[in-house]
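K.L.:
In case you want the letters, here they are:
2 protein chains.
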Amino acid sequence: MTDTANDAIAILGGTGDQGLGLALRFAKAGRPVRIGSRVPERAEAAAREVAAAVPGAKVSGAGNPEATAGAGVVILSVPFEHTATTLKAVKDSLAPGQIVVSMGVPLAAAIGDGAVRTLGVWQGSCAELVASLTPPGVHVVSAFQNVSAHRLRELDHEVACDVVVSGAPEPRKAVMALCALVPGLRAVDGGPLANARIVESVTALLIGLNIRYKVPAGIGIRFTGLPG
Amino acid sequence: MTDTANDAIAILGGTGDQGLGLALRFAKAGRPVRIGSRVPERAEAAAREVAAAVPGAKVSGAGNPEATAGAGVVILSVPFEHTATTLKAVKDSLAPGQIVVSMGVPLAAAIGDGAVRTLGVWQGSCAELVASLTPPGVHVVSAFQNVSAHRLRELDHEVACDVVVSGAPEPRKAVMALCALVPGLRAVDGGPLANARIVESVTALLIGLNIRYKVPAGIGIRFTGLPG
Chain Y
62 MTDTANDAIA ILGGTGDQGL GLALRFAKAG RPVRIGSRVP ERAEAAAREV AAAVPGAKVS
122 GAGNPEATAG AGVVILSVPF EHTATTLKAV KDSLAPGQIV VSMGVPLAAA IGDGAVRTLG
182 VWQGSCAELV ASLTPPGVHV VSAFQNVSAH RLRELDHEVA CDVVVSGAPE PRKAVMALCA
242 LVPGLRAVDG GPLANARIVE SVTALLIGLN IRYKVPAGIG IRFTGLPG
Chain Z
62 MTDTANDAIA ILGGTGDQGL GLALRFAKAG RPVRIGSRVP ERAEAAAREV AAAVPGAKVS
122 GAGNPEATAG AGVVILSVPF EHTATTLKAV KDSLAPGQIV VSMGVPLAAA IGDGAVRTLG
182 VWQGSCAELV ASLTPPGVHV VSAFQNVSAH RLRELDHEVA CDVVVSGAPE PRKAVMALCA
242 LVPGLRAVDG GPLANARIVE SVTALLIGLN IRYKVPAGIG IRFTGLPG
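Protein chains in written order, with the numbering used here: chain Y, 62 to 289; chain Z, 62 to 289.
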């Protein structure tokens, strides 16, 4: 199962706030969701949480490599400092045609500094770091960095946020289509993967705004003047 | 006249699209506007254009140093590659208490590459470059980078865009208050000046979106979830 037509969405780091939020939303939209974790028991517990919140959810929990194998889309939702380790652990489970979604942000919190600043990444961004560590034929797409975990988890409310999706055209379109599964999210064509450099840094700006404006639930972004 | 209470707004590079757009808007709001240019005649011609479009406008044109001297707020609206030269030319006209607004973006167009990418600036951003070149006691604030020149110039329409304003608290507040003069602009507290690194790069992203979505008039941004 290496066909991108495969409906399953694996969420590595799906036990964390933002990963679990996406798992809930995609499960609610009827998509099969596989939650991955370094510790399979934690993934299974998170899967039970999703199943309890979303009646009829097609959700399972497993170790990261098992969750990855054959999933059409693999969302990498681990803290930035675990990005490389996680990718190395699942490398042999990835196959050409799969899409890996990078939603990580190189927040300086990774080295004990603040979350309102970013680190410089040699490759340019977390997404480009991910691309440098994935096998040939696997498509890397950048998305979801600016979406509030808190708002994702409030299943009864829309998530008012645009999602800038960048990467090669075809996989980018596939990930843009995923955004339509979550009420309130709007996909915006973010062009080539390197634009993740900008999108990732916006997350640090949003975290600063959350602090200054005292909005723990999370501030999002919308683009104005888009056609349609 | 070095008091920030001085109502005059100097716009250096006020003959360019975005500078002229701000000149029109501030003049329409009743503020005295001084358009500055390297070539005084061009500044005078731009001032006549503003006067023709805005009946009763308090607007004048002059060389950059003359426009700068004593203005409460000096907006630097020159192409990035002219930032340092312009600041060196007006340095002796700046005095403690004045606010210099950096709206430049280090687009790679400055070196003949595209406008959808940015250059790395040693100081971190155009705004921090500006801060490194201004005399002590002059306050540098970053703002207006993401506002479409085209939409500023359409005086009959609102400009639907948030303006992230960053810098030290007091001058930041003064520039946030300026945003309220332009219908549709909303000031957002962008925290310390270094956040200009993020805000400036967003302009390159917006330019890419304008191209991909064929919106020459310009796409803007709004933050969602802000209180009030």
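These are calculated hints, taken from the structure and not from any lab test.
From a predicted model like this one, the values you see are computed outputs, not experimental measurements.
Glycine residues also receive a C-beta, built at the ideal position from the N, C-alpha and C atoms.
Check before you lean on any hint, since a few could be wrong.
Unchecked claim - The list that follows gives simulated cross-link-like pairs (lysine-lysine, DSBU-like), each with its CA atoms no further than 30 angstroms apart:
hint : chain 1 : residue 1 : chain 2 : residue 2
1    : Z       : 149       : Z       : 234
2    : Y       : 234       : Z       : 275
3    : Y       : 234       : Y       : 152
4    : Z       : 234       : Y       : 275
5    : Y       : 234       : Y       : 275
6    : Y       : 89        : Y       : 234
Claimed, not checked - Calculated from the model, a selection of chain Z residues having no Cβ within reach of chain Y, i.e. all distances over 12 angstroms:
hint : residue
7    : 141
8    : 143
9    : 178
10   : 198
11   : 211
12   : 214
13   : 238
14   : 250
15   : 256
16   : 266
17   : 279
18   : 288
K.L.:
Of the numbered hints stated earlier in the document, which are not met by this structure?
P.N.:
5, 9, 11, 14, 15, 16, 17 and 18
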